[in-house]
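Chemist: Protein sequence lines correspond, in order, to chains A and B.
Residue numbers for the first sequence follow my numbering, so the first one is 1 and each next one is one higher.
Residue numbers for the second sequence follow my numbering, so the first one is 1 and each next one is one higher.
Careful: at least some of the hints might be erroneous.
[Said to hold, decoys possible] Cβ pair distances, simulated, as ranges:
id : chain 1 : residue 1 : chain 2 : residue 2 : range
1  : B       : Leu62     : A       : Leu182    : 22 to 32 Å
2  : B       : Arg200    : A       : Phe131    : 43 to 53 Å
3  : B       : Gly119    : A       : Leu52     : 36 to 46 Å
4  : B       : Lys171    : A       : Thr236    : 12 to 22 Å
5  : A       : Phe61     : B       : Pro215    : 52 to 62 Å
Hints listed in this document are in silico derivations from the structure and should not be mistaken for laboratory results.
Where a beta carbon is used, it is the ideal one built from N, C-alpha and C, also for glycine.
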Amino acid sequence: MNLATVLKGKGLGLAAWLLGIVFFLPIAWMVLTSFHSEENAATNPPSFAAALTLDGYRDFFGAGGGASPWPALINSLVASLGSTLFVLLLALPAAYALAIRPVKKWTDVLFFFLSTKMLPVVAGLLPIYLFAKNTDFLDNIWLLVILYTSMNLPIAVWMMQSFLAEVPVAVIEAAQIDGARLPTVLTRVVAPIALPGIAATALICFIFSWNELLFARVLTGVVAQTAPVFLTGFITSQGLFLAKVCAASLVISLPVLAAGFAAQDKLVQGLSLGAVK
Amino acid sequence: MTTVTSAPVAAPQTAASRRPPRRLRAWATRAPLLPALVFMIVVTQLPFVATLVISFFDWNALYPDARHFAGFANYSEVLTDPDLRKSVLTTILLTVTVVVVSLVAGLALALLLDRRFRGRGIVRTLLIAPFLVVPVAAALLWKHVLYNPEYGLLNGLLHYVGGPQPDWISKTPLLAVEMSLIWQWTPFMMLILLAGLQSRSAEQIEAARMDGASPWQIFRHLTLPHLRRYLELGALLGSIYIVQNFDAVFTLTSGGLGTANLPYTVYQTFYQAHENGLASAAGVLVVIGSIIIATFALRVVSSLFREEVGRG
Numbered sequence: 001m002n003l004a005t006v007l008k009g010k011g012l013g014l015a016a017w018l019l020g021i022v023f024f025l026p027i028a029w030m031v032l033t034s035f036h037s038e039e040n041a042a043t044n045p046p047s048f049a050a051a052l053t054l055d056g057y058r059d060f061f062g063a064g065g066g067a068s069p070w071p072a073l074i075n076s077l078v079a080s081l082g083s084t085l086f087v088l089l090l091a092l093p094a095a096y097a098l099a100i101r102p103v104k105k106w107t108d109v110l111f112f113f114l115s116t117k118m119l120p121v122v123a124g125l126l127p128i129y130l131f132a133k134n135t136d137f138l139d140n141i142w143l144l145v146i147l148y149t150s151m152n153l154p155i156a157v158w159m160m161q162s163f164l165a166e167v168p169v170a171v172i173e174a175a176q177i178d179g180a181r182l183p184t185v186l187t188r189v190v191a192p193i194a195l196p197g198i199a200a201t202a203l204i205c206f207i208f209s210w211n212e213l214l215f216a217r218v219l220t221g222v223v224a225q226t227a228p229v230f231l232t233g234f235i236t237s238q239g240l241f242l243a244k245v246c247a248a249s250l251v252i253s254l255p256v257l258a259a260g261f262a263a264q265d266k267l268v269q270g271l272s273l274g275a276v277k
Numbered sequence: 001m002t003t004v005t006s007a008p009v010a011a012p013q014t015a016a017s018r019r020p021p022r023r024l025r026a027w028a029t030r031a032p033l034l035p036a037l038v039f040m041i042v043v044t045q046l047p048f049v050a051t052l053v054i055s056f057f058d059w060n061a062l063y064p065d066a067r068h069f070a071g072f073a074n075y076s077e078v079l080t081d082p083d084l085r086k087s088v089l090t091t092i093l094l095t096v097t098v099v100v101v102s103l104v105a106g107l108a109l110a111l112l113l114d115r116r117f118r119g120r121g122i123v124r125t126l127l128i129a130p131f132l133v134v135p136v137a138a139a140l141l142w143k144h145v146l147y148n149p150e151y152g153l154l155n156g157l158l159h160y161v162g163g164p165q166p167d168w169i170s171k172t173p174l175l176a177v178e179m180s181l182i183w184q185w186t187p188f189m190m191l192i193l194l195a196g197l198q199s200r201s202a203e204q205i206e207a208a209r210m211d212g213a214s215p216w217q218i219f220r221h222l223t224l225p226h227l228r229r230y231l232e233l234g235a236l237l238g239s240i241y242i243v244q245n246f247d248a249v250f251t252l253t254s255g256g257l258g259t260a261n262l263p264y265t266v267y268q269t270f271y272q273a274h275e276n277g278l279a280s281a282a283g284v285l286v287v288i289g290s291i292i293i294a295t296f297a298l299r300v301v302s303s304l305f306r307e308e309v310g311r312g
């Protein structure tokens, strides 16, 4: 390698750093603003060196007399974890049938699952709303659990099918010839190979459920409102609450940020759906 | 599964009696699929059928007694309504712009991150972050903290270079929505394309380099063809989600200033105007549009299958 290529390599590394910082800047600014007092948050030019305070977070958690975000956070947790669990329960057998003991025309089945993702949410929203209203399911968190399950199930079947397809059929057959019964095969042979993929699938389902707004906005009210619906209360807020808005946005994004950062590699693997190998 | 595989062995080997076990075996392989299939049909297809039925009724929720069959009246009203026609255009413009720009930017970032340099892990973490912010929170961040004309960060930074201080959301509303979405979706595209780049065969590239291929030639003739399926996947998934975008439009502009896309318009028609029939007709038209896009898209995805189909 000569000097020019070394310099060029350094330059491209520097460019990557620069772009990384540009993309992260809004979030860094959000973090900084969330620790400012409201007077220091809304200034022009921006105040970089203002004193730090936890007031924004105190206000968000209701010390300032506003509504407490805890019920909404708990609802989001129930909806996201509950639907992720249901997705796994329904998608695992389906993916197993599609990948390890392929039924005839299995690609048609997969296409059907994916095609339901192309049916826009708004196409079924009104009947679901009317149904919920007439059966007292409106403002009930379990309705969201069911809907989020249907929202994520196609992607989950699709992803897990490709992860399970990586288990060599020969290994399964060998285990069966050695006298292993189905539960043993599943726990000893299939699970170790497929588990990272299943974890990635669960993570993505959790993120999509946690983020969802349209269903939650239309179908919940006071009791079952989720964290994103709680956030919509800030849409028209004026400058006085800037620190509080930032604190609220950060707290509500925290579970997703933490899970996503912790499982970056799995996320990459999962998002490419394992389908393109 | 063990009981199923042993069944044919236990049965007498006559042609007549072989049939039931085979049928049993076929059902046993299909059974694990049924719960997921039935669930999906009930929760997604039934409501759509209901939407289809409602779309033929003149039905305002505030006047339930005046509900009556209206034939295609709702459809002709939707198709001749200038606002609705505009929202179709807005949806297309928004989706195409966001998908194309974030795909190109994601490719550039993925190529940069595919190289070895100091702190690569940190840079990747910084770049993933926008994708991990809850969409409503991201939209609020752009609306209040970045775009605000008086104290937003964008104009705050422009202040230092003595630039203009525009009111972003009212001057360039659609661009404002697009910018925030591109910021969120570029990391997603980067992740998919990075996975693609890292699955390239290093030996092939080394061999090409030995043969004297320039970096551009390697990119054009090796990297790009290899990335094709990843680019298609990113475009497909991006389109599915951005066509349906509600959060950014709802939060940033509340559909005002010509930024109302179809999902927002349908939401408004039934949630605020209580026009059930009209909203359903608009919803059905969204589906027809999606089917047209999906037919092309699924053909694209089917290229993802070509190598795997042999398994079935």
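Chemist: For each hint, tell me whether it holds in the structure or not.
Modeler: Against the structure, the hints:
1. B:Leu62 x A:Leu182: 22 to 32 Å: Violated, since B:Leu62 and A:Leu182 (Cβ atoms, about 57 Å apart) do not stay within the stated range.
2. B:Arg200 x A:Phe131: 43 to 53 Å: Since the Cβ atoms of B:Arg200 and A:Phe131 sit about 50 Å apart, the hinted range of 43 to 53 Å holds.
3. B:Gly119 x A:Leu52: 36 to 46 Å: violated (26 Å)
4. B:Lys171 x A:Thr236: 12 to 22 Å: holds (20 Å)
5. A:Phe61 x B:Pro215: 52 to 62 Å: holds (53 Å)
Hint compliance for this structure: hints 1 and 3 are not met, and every other hint is.
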